[in-house]
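Fit chain to chain and form the complex, with the hints in mind.
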Amino acid sequence: MIYFDQSATTQPYPEVISSYSEAAGRFFANPASLHPLGTEAEQVTEQAKEKIARQFNLENYDILSVSGATEANNMVLQGAAQMYKNRGDHIVTTVLEHASVYETAKRLESEGFRVTFVSPDDDGTISAEKVINEITDQTILVSVIHVSHELGTILPVEEIGRKIKDYPKARFHVDHVQGACKLPINIEKSGIDYVSLSPHKLHGLKGSGLLFKRKSALLKPQMNGGGQQGANRPGTENTAGLAAAAKALRISEENRGAYVNDIRRLNEYLSSELAKIPGVEINSPENRSPFILNVSVPGMKAEAIVQSLAKKDIYISTKSACSSNDIHAPSRILAEAGFEHKRASSALRLSMSYKNSMDEVCEVIQAMNRVVSEMKEVKNS
Amino acid sequence: MKYDFMLIRYAELAIKGKNRKKFEQILEKNIRQALKPFDGAKTSRSFGRIFIELNGHEEEKIAEAIKPVYGIYSFSPAVRTESNEKAMQENALWMLNDAFGNQHGTFKVSVRRTDKTYPVSSQEMNHVIGGYLLRNLTDKSVDVHDPDVEVNVEIREDATYILCKRYEGMKGLPVGSSGKSLLMLSGGLDSPVAGIYALKKGVTLEAVHFHSPPYTNDRAKKKAEDLARVMTRYGGRIKLHTVSFTEIQKAIRQQIPDNYEITVTRRFMLRIAEKIAEETGAKAVVTGESLGQVASQTLESMHAINAVTAFPVLRPLLTAEKLDIVEDAKKFGTHDISTRPYDDCCTIFLPAESKTKPKPEKAARYESWLDIEQLVAEAVSAREIQIIDAKDSGINEEISELF
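Respectively, the protein sequence lines represent chains S and D.
Heads up, the first sequence is in the numbering used here, so the first residue is 1 and it goes up one at a time.
Heads up, the second sequence is in the numbering used here, so the first residue is 1 and it goes up one at a time.
The hints are simulated quantities; they were obtained by calculation from the structure and are not laboratory data.
A few of these clues could be false.
DSSO-like, lysine-lysine: derived pairs with alpha carbons at most 27 Å apart [what the hints assert, rightly or not]:
#1 D/K331 - S/K163
#2 D/K140 - S/K189
#3 D/K331 - S/K165
Given the structure is predicted, the values throughout are model-derived calculations rather than measurements.
Just chain D, with the same shape it has in the complex (with noise of 0.2 Å):
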């Protein structure tokens, strides 16, 4: 026996509205984008759902594909089947037993009718089916009121389809929703996990990584690039775009005060992150800055960077704990890269102090001394601009051949 579709939940109360139709569509788009190596497997809605026409695809392999989509509540796979009663006690049986795994546990049976010239009624073929798995299960009871899994047959005109297994969704909203905003990507444990609480929330992204070539490694780099490429199983592509930011920080180092350069060159990193937002039509930068967590961090020290911008600087971190994080990390599969031991540009020159309580009327004096709006402008326009695309395997054709 096989599964002939998935049917796809999306959180109805996050959605209500004018903008329904349109998170629909989007979430559609979405589910065909992940669906693309899956030659054949078509979606389609109805009824407050998307369903995904498995056309022979294992069920497993399009769960895994749709699973890091946002917007998705919950999903299970189908099988629609003849209605006669062999058939649907057959597949609810097999169902049953793919959902349990080698689990012990509880079960109940619901059976819905649209098809009323279907000759038995809902509460009948309950027992009917209910019955037929008891005698051919061990292990399992039924408990109507609070089963392990639910068996769901509905009756129609045309077939019977059969509901069982469920997987949770990653819920949220669909990305692309919610408008474009640009990530500050460093190479470290927060900014990715930002990024994907930001994708979470339906915002598409672009990124923006700081290198110091010629100090830093090109695997500090890579890193970026390769954190890019986990985020985009959560959001599509993205356009990361590298800012070399060596003649900053070597401005920076001359000209300002070693208590004052973390924040100088956090402000530059904003103003140049605003410069591109603006290019892009990003309405807002994501940070990873996570309150207390480094001097750079404090409330103070936010105060006199932030005051460099008008946009809206999105922190979904502001208040997580470090650990939170790092599990977060580890779940959406930017932990190993993250923990990579390479330095980007804002460890390179790292002053040995820096202040905690900085004053953004002072860092404005200071930057004074240097001409912020070409420094600011020659760094955006020698930036590099990459695509990465979920497709995109990372594997280096050239040394391929290798392999």
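If we strip away everything but chain S, and leave its shape as in the complex, we get (with noise of 0.2 Å):
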């Protein structure tokens, strides 16, 4: 098996597997009961948090474990909008966005926010002062994605999160679900209010899911409960979710150490040799993630090329796995970031993890190869 849709979801690493079974087992109790097996519960969900925020370098953030990133968006987009409408109406965020932040943008816009989305430049990239730019006094939040789940971009979260410290209304969240453990920012210091993040895409478990948010950043609760977590988000604590995650984010982050570099090879080898099999065009950016490319075949069914690859052992992806639902249509965030039709509604993504090699990449190149040739030869006869 040859395994490239690892941007969708990552099988989980066995000692993840069994630091969740563990803490499952032994740590069952509810962390918020009052008598000891609680607290012991509540000490692994502490400690779980505390490493997360170390390995984050972060000081003045709340860990709230949360059931995806999907939800982190959610909460951190209506939450924001609705504790800090009285501030202003207005939200900065970009097309290239997983459709958890664009449709809730879409669906605040509805309620009557006002949403800029910004799209990218000709070179397939947004910058600082594009996003900059949009900021009005009445805007209240700014949300980016750090590295853009379809295209690979890498957008300049950094240098936007510095540069918003000059407009103290609006609150800054960044969507880090491809960043994380692998392209590494400095959150506290780029003025970062709001981080979501996704264990699972780092071969953690699915379920739990995190949001970092700056304790000086506030945010409307989206559920009511039992005032969990700060009240910021209810529900008996996941002590099992968060030790696994923890687990993950760590292997993920010394992996990310020993062996960025190769990922960064294979992507350019990959990017290359695709390039040269006439009919492929290449979409994602020059500026990319190392672990995602995304290319076209125009004319071509994307979805017939996935179905032919997978018959022979191999995974990719069209667009983003969480808007596959409807096939046929082209990928809105191709479309929006420029691309014409044919090219949008034909793509393909590629994405790899630490766990990829070299081989890999020759025979996904071969494969791509011939499957292209085959399919131009049934369209031609």
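As structure tokens, this is what we get:
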């Protein structure tokens, strides 16, 4: 099996699974219970958060455990909009966002907020100035994806954060899902108020996401309940999920140090070889995450390519898995990023992790070559 | 470009006279302690200043580490450079930009030339550097009287030294320069703040915490440990004495009228604190009491409670406003720990009513039904002693494998 859909989700590290099962079995008590079993579970919960806070160099932040980054993104957009609506009614975000930010922003728009969606320039990237220039004295929230999950585009969130400090009214959210433990950023120093994270994209487990929230940045809670996690996110805390998340993040960070340059080489090789195949066009910009490569084969059905590769035990995506429900629609993100319809509707995403190797990359290139030329023959005959 | 060392100024007025040298030594030792995690960062003293050689460490990390050290008035990262115009200008520009961040503002350049063989005078050098900065900066102007940022350039024989950015220190006296006190540390908001104020005056602290097993939650005890751990940032390691108060509380509950329970409880706590202070060589007891805040902190109550000891009882928060104490707790980093909802021993057996004007004689008479000396001696000898160290992460090794 060659798995090149690592940005959709990853296979958990065995260590993560054993951490989860040990914590789930041993520290099953409710961390909010007063008895010593509760105290123990609370200790595991708190120390997992402490470990995570340290890994990301966070001192003045709450680490909130949530169900996933989709929940985190919803919590931030809706929660900040509602909390700060008395200060203004304007939100700045980009067209490259994940659906959980984009759709929430659309909904806020329908509820009366004004939303500016910044588009990339011709080179595919969005500069800090371009985002900052949209900020007005009515802007209460700026939400920017760090690494585009479809194109791999890297956005200058640190620079944006430093510049937003000049606008004390505007809170700053970063969707760090595809960047965490891959392309580290200095969260606290860059003035980022909220950060969404998804350990299952880092060989962790589904069902446990994270939201880092600067203590001084508030959110209107989106759920009502027993007041856990400072009432920001009520519900019995997921002790084992947090322990597993802490472990996945730690191992991923270690791997980043060891392998990130290898991944860079894989991505460059993959891109230069795929570009040689007639009909294949590279969509990802130069300044992209080494973990993602987006290409199009205009005129061919992307889904057909995905299925033919799957027959060869190679797994890639069309657009992001979260928006693959309507498989025939072009990628919303590529279309809004300025790609013409033919290209936006034939996009393929190849995404890697530290587990992928050069041998696999070579096999993928060969298989792509064969599949594309076979499909051309079918079309021409 | 990068910073080479950190220059530390200390409050000179506060340390005049014979003690000055001792103060300097203690301060340098405390700074060294704070720099322990930074291999190669070395301290030295000269001309009434302390210097830290950064040896490649990030200036901001070092600043963060020494910021809580009492006795520091202010400090600035500095650059050592060759004594030539270009190097001075470029370094000054970089440092000024670093000091301003994105802010607009005013600056001034002050050059001192202790190396008189340097061919250009200080006055001229002011213009050479100031002019260069103005040409290369937008949004910044010169204000020689009240600048936001001052660029200090000192041309010496061996090299030129430039200072610009300035951090405010915590002021106060270096911890360890004013003897030892014992802090009565509950889990509440006030006592850790009071303790940190005592540290500010140079006092070394040990702490005593009372709990009532099995009726109190372990989390209440952990609260005290976590609070002490925060306090180590300001005062180095802290010895924490945890006293089980259950037997005494039971005895009080049985023998003492309801409206004197609080007074007698406090008197027992103070007696125990005094005994521990004697053992450890502490010369005073520090409490978080604030006048009139609760029934047991009226002047009459303090009088009745204080009567059991001849030790000075220091109350740094005596006249503080509750809101200010809350603000301080937030600033010191103890607030979120103090507000965890676990009862410590004094609230477990709390009577319904208590006297706001208790009399010491009456309290003494009620207490005469109890074997005071034995109860105190037993509690003191059964206490648990832990050293809370700044290095101690608070992370339980046993479960750390999970992460």
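Results of checking the hints against the structure:
Proximity of D/K331 to S/K163 is assessed by CA-CA distance (about 26 Å); at most 27 Å being required, the pair is judged to hold. Distance hint between D/K140 and S/K189 is fulfilled; the C-alpha atoms sit about 24 Å from each other, no more than 27 Å. Annotation: proposed proximity of D/K331 to S/K165 holds, straight-line Cα distance about 21 Å (limit 27 Å).
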